[in-house]
Amino acid sequence: MRARARLITATAAAALLIGCVSGPAASDPDPTAPSGERDRAGERERDRAGDRDRAAERVLVFSRTAGFRHDSIPAGIAAVRDLGATHGFTVDATENAAAFTPKNLARYDAVVWLSTTGDVLNGKQQSAFEQYIRAGGGYVGVHAAADTEYDWPFYGRLAGAYFQSHPAIQAADVQVEDHAHPATAHLGPVWERTDEWYDYRSNPRARARVLASLDESSYSGGSMGGDHPIAWCQGDVDGTPGRSFYTGGGHTEESFADPAFRRHLGGGIRYAMGTAQADCRPEQGYEPLFDGTAESLARWRQAGPGSFAREDDGTITSVGGMGLLWYAPEQFGAYSLKLDWRMTGTDKDDNSGIFVGFPPSDDPWTAVANGYEIQIDATDVPEKTTGSVYGFKSADLAARDRALNPPGEWNTYELRVEGERLRIRLNGVQINDFTNTDPARSLRDGHIGIQNHGADDQVAFRDIRVRELAAAEEAGGR
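All letters in the sequence shown, in the order written, are residues 1075 to 1552 by this note's numbering.
A hint or two may mislead.
Simulated restraints on C-beta separations [unchecked claim]:
(1) Thr1511 with Arg1384: 55 to 63 Å
(2) Gly1502 with Pro1227: 30 to 38 Å
(3) Glu1361 with Arg1208: 48 to 56 Å
(4) Ser1276 with Asp1436: 32 to 40 Å
Derived pair list, reagent style DSS-like, types lysine-lysine, alpha-carbon separation capped at 27 Å [said to hold, decoys possible]:
(5) Lys1422 with Lys1467
(6) Lys1412 with Lys1467
(7) Lys1412 with Lys1458
(8) Lys1422 with Lys1412
FYI, nobody ran anything at the bench for these hints, they're computed from the structure. All C-beta atoms in this analysis are idealised placements derived from N, C-alpha and C, irrespective of residue type, glycine included.
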């Protein structure tokens, strides 16, 4: 279970829940609950007191409607239950707004608003849910969750955008913008699917990380003017630790039988729960250095032995070594570099790194001697493991461990260079802050490269992009 503050020591109101439970209870004993529920709740409390390795996660599916009701709601509930069985979280389902109390919501790692419509909570219930999010709770909005609570500004910010209109159900091309988020990491550049495609009253891009958007030229009736987000996430809702994920898909029953959509929904739920990590800060103004194409890869040069193999899914994976693939066309001064990386997961001990601040050279040891390496390695000593400035400064290991996805899953680095200062974020969380004081090295100008470490060290990369910082940004260090 993710490390977030529970709202209050939970005492469950289990009788409020409608629908069966797909796993052991995750609440404190409630004298009004059936004896089996009380026994399981008491067992959970004893487990928590005994510091067990992994507490039971729990998700609430809320599907109350005060307007149009979608026939796909039962299929959606069943799909979330299946996802819970697969990923090890318990699922409760309700249409009773009385479940929205501080004590009851404290039992859940995330609440899925499944095609809710209209005004479904009263003021007291709204306050309880806002308190839950502000204490670190998770929100998942599915389809008509955007057609809900129009007079509640906090909910509008949490969902990201309100529903405006939709054309007929039809096929469309979904353009995947983020390939590291667990909701979209399994998808290619274009996801072709059939659904009811919402237009929204506003564009969430300025406040949320857009994961996927619609190609309005691929279907009829889109009206958002070409920039048409359809799935997004937020990791810092109103400056709180709460997490939010929304997907516009899910109108049809067939959606919930589609393996790709189920993985999409499951990844969003896992993100909202905090069991999978991602950088959900808004992202605009980045230019691709490698976008998965052969044309973009041709701008990079291999220094030393080994290489990187490009795959059809837009990734490059290290092969042999020890060498360095570096971006040759230009050097960078003040900039934010983002890239997604994944250890292959076969032996959980792969090795690579990102080099910054080195002069042009076809000798990889030039980067070692003149630049700095931000390490990727699961098992080395602190100053030489993931998130470290290799050999110079360890990451904040506690923050790193909370932010890190395991081998086999994608992670996102942001390397922010301003003057001689280098800050490292992992999945949106700052884990290192390093300042160069070595007169033989400088971060103020240099090339960018990624390491191929050796034949047994396979690390994949994708979506390498950069945003150069204005002078005011550099001075302010935002």
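So, going through the hints one by one against the coordinates:
With their beta carbons about 38 Å apart, Thr1511 and Arg1384 fall outside the hinted range of 55 to 63 Å. Roughly 25 Å separates the CB atoms of Gly1502 and Pro1227, a value that falls outside the hinted 30 to 38 Å. Roughly 36 Å separates the CB atoms of Glu1361 and Arg1208, a value that falls outside the hinted 48 to 56 Å. As the Cβ distance of Ser1276 to Asp1436 is approximately 50 Å, the hint placing it in 32 to 40 Å is violated.
For the suggested pair Lys1422 and Lys1467, the alpha carbons sit about 23 Å apart, so the restraint of at most 27 Å is met. Straight-line distance between C-alpha atoms of Lys1412 and Lys1467 comes to about 20 Å, which keeps the hinted pair within the 27 Å bound. At roughly 20 Å between alpha-carbon atoms, Lys1412 and Lys1458 fall within 27 Å of each other, so this suggested pair holds. For the hint linking Lys1422 to Lys1412, the alpha-carbon distance of about 23 Å falls within 27 Å, and the restraint holds.
Checked against the numbered hints given earlier, the structure breaks hints 1, 2, 3 and 4 and satisfies all the rest.
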